[in-house]
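Here the protein sequences line up with chains W and F, keeping their order.
The letter at position 290 of the first sequence is residue 290 when you use the working numbering, and the numbering goes up by one with no holes.
Here the working numbering runs 1000 ahead of the position in the second sequence, where the first position is 1.
Quick caveat, the hints were computed from the structure, so don't treat them as lab data.
Don't take each hint at face value.
[What the hints assert, rightly or not] Some chain F residues judged to face chain W by a derived CB distance under 7 Å, without partners named:
1. His1019
2. Asp1036
3. Ala1040
4. His1045
5. Arg1046
6. Lys1050
7. Val1074
[Said to hold, decoys possible] Just the calculated beta-carbon pair ranges, DEER-fashion:
8. His137/W / Gly1021/F: 31 to 37 Å
9. Glu1016/F / Arg233/W: 50 to 56 Å
10. Ser27/W / Pro1089/F: 45 to 51 Å
11. Gly1021/F / Pro22/W: 45 to 51 Å
12. His1024/F / Arg387/W: 38 to 44 Å
13. Gly1064/F / Ala395/W: 42 to 48 Å
14. Ile1026/F / Asp217/W: 31 to 37 Å
15. His1024/F / Thr5/W: 54 to 60 Å
16. Gly405/W / His1024/F: 22 to 28 Å
17. His137/W / Pro1028/F: 36 to 42 Å
[To be verified] Away from chain W, derived, C-beta distances all over 12 Å, residues of chain F:
18. Ile1026
19. Pro1028
20. Pro1031
21. Gly1032
22. Gly1062
23. Ser1080
24. Tyr1082
25. Glu1086
26. Ser1087
27. Glu1090
Computed from a prediction, not measured in an experiment: that's the story for all the values here.
Cβ coordinates follow ideal geometry from the N, Cα and C atoms, glycine included.
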Amino acid sequence: MAGSTQFSAWSLLRRAFGGSWPEQWRSPEPRDAYDVVIVGAGGHGLATAYYLASEHGIRDIAVLDKGWLGGGNTGRNTTIIRSNYLWDESAAIYEHALKLWEGLSQALNYNVMYSPRGVMMLAHNHHDVQVFRRHVHANRLQGIDNEWLTPEQAKAFCPPLDIGGTVRYPVLGAALQRRGGVARHDAVAWGYARAASALGVDIIQNCAVTGIDRGADGAVTGVATTRGSIRTRKIGVVAAGHTSVLMAMAGVRMPLESFPLQALVSEPVKPVMPCVVMSNTIHAYISQSDKGELVIGAGTDVYTSYSQAGGPHIASHTLEAICELFPTFPRLRMLRNWGGIVDCTPDRSPIIGLTPVAGLFVNCGWGTGGFKATPGSGHVFAATIARGEPHKIAAPFSLDRFRTGRLIDEAAAAAVSH
Amino acid sequence: MLLIPCPWCGPRPENEFRHGGEAHVIRPADPGSVTDTEWADFLYHRTNPKGVHAERWRHSHGCGRFFNCVRDTVTDRIVSTYKPGESRPE
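Work the whole structure out from these sequences, hints included.
What follows is the structure, given as structure tokens:
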């Protein structure tokens, strides 16, 4: 791999005895023109660039970011991976991603620490039970693993869970996807950045896009940035919470609203959580990182905001639920909490594809659950940009569905409240 | 948690309120003559600005009434609130 070390057990061992680590991606100055400009160097944007270069032979690409790569939602999420969505369209794209996760470390020659430790979703009331069992049946028809557990089986799979009769939120059962799990979020961004850079992709950090230029025919001709103008015929906007702002530069109104979503981590402790546990009804999710920190996800604030903070009462609500479900955890201290800005669509499904502006493509609307889709999202978006028409998995997620009414309503169907 | 000045009840904590989405989104006067594109704009497309924004709130655990609010979405600072039917302040 040009310009960076090919990692192997031997190369890691040799480095352990001395020598400095070389930079894993280039930091070039922006050139005047590129075939494709990707706006947003998060996981989805970097994956898009990587698959454009590796599968479609388009290597004249710039990935621009107003900050550091992976510094937005990619570095702020709770890293949960699963594919047991209800609707066939959703299951198709998340399962496409999950299959890519399974071979991603080898494909990128970079350890993204994908760990299929199982994602278990708790049912606390009769409605939850019905919804999750419906998911299990739908997933079985889709060929996706998802199984129903009794409370005792849930307890056996996750021993710290309290299923006792006096608990405030009784556990009536759980849906378990064993292939679900977690990955190291930063490594995903770094791995894609390194592999894309080695294929010739220019990753340009601290370069904010300030305008989208269009020609007399309306098609895009380039972008204005804080580091000068860049000419291009194809722009892929992969900007998460800031998508509305960027698309407004091209005069496109989006069916998006941006909300703060919070997460927090505890002090590191020895392994206590063997899996990921999610609770939709009382809104808490929790897993344990390899460093030992409990990684906890809260819900969104109710109002739109770009503040990357969120109200403390939202996080408190989640911690109260965690302490009820896991009675051994209340004495843990929380080390850090933070917020990210998530872009939510009315049907809580993403938007991937073409826009009314020729040459302008968009990949957004992943809301509170985009990390799990990173490889699949980048893969189908790269094909969409390369061919100028939607990849078949991306096609149902067109921007046009809000005009035709063919919504993919995971707002009601998703296993977590988005 | 925001401290939101209800135009009728005065400043109250955020958890007494429900957020009502973008303000001044007007339903088409003659729904039968509206194109799918215009319906999509009314139903789904939102300004979602980074900066000063007009939104609706409902004082659901108070007077129960809707009102409008101008807030900066970067700082979350509330500029002003005003009653429904009133135009957005400058």
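Results for each hint:
1. His1019: Status holds, d = 4 Å.
2. Asp1036: holds (5 Å)
3. Ala1040: holds (4 Å)
4. His1045: holds (4 Å)
5. Arg1046: Since the shortest Cβ distance to chain W is 5 Å, the answer is holds.
6. Lys1050: holds (5 Å)
7. Val1074: holds (5 Å)
8. His137/W / Gly1021/F: 31 to 37 Å: holds (34 Å)
9. Glu1016/F / Arg233/W: 50 to 56 Å: The hint (50 to 56 Å, Cβ to Cβ) holds, given that Glu1016/F and Arg233/W are roughly 52 Å apart.
10. Ser27/W / Pro1089/F: 45 to 51 Å: Holds - the Cβ-Cβ distance for Ser27/W and Pro1089/F, about 46 Å, lies within 45 to 51 Å.
11. Gly1021/F / Pro22/W: 45 to 51 Å: At 50 Å between Cβs, range holds.
12. His1024/F / Arg387/W: 38 to 44 Å: For His1024/F and Arg387/W the Cβ distance comes to about 40 Å; the hint holds.
13. Gly1064/F / Ala395/W: 42 to 48 Å: Taking Cβ atoms as reference, Gly1064/F and Ala395/W lie about 44 Å apart, which means the hint holds.
14. Ile1026/F / Asp217/W: 31 to 37 Å: Holds: the Cβ-Cβ distance is about 33 Å, inside 31 to 37 Å.
15. His1024/F / Thr5/W: 54 to 60 Å: holds (56 Å)
16. Gly405/W / His1024/F: 22 to 28 Å: holds (24 Å)
17. His137/W / Pro1028/F: 36 to 42 Å: About 40 Å separates the Cβ atoms of His137/W and Pro1028/F, which means 36 to 42 Å holds.
18. Ile1026: holds (15 Å)
19. Pro1028: holds (15 Å)
20. Pro1031: Holds, since 15 Å exceeds 12 Å.
21. Gly1032: Since the minimum Cβ distance to chain W is about 17 Å, Gly1032/F lies beyond 12 Å and the statement holds.
22. Gly1062: holds (16 Å)
23. Ser1080: holds (16 Å)
24. Tyr1082: At roughly 17 Å from the nearest Cβ of chain W, Tyr1082/F sits farther out than 12 Å, so the non-interface label holds.
25. Glu1086: Answer for Glu1086/F: holds, closest chain W Cβ roughly 20 Å.
26. Ser1087: holds (21 Å)
27. Glu1090: Correct as stated: the minimum Cβ-Cβ distance to chain W is 21 Å, above 12 Å.
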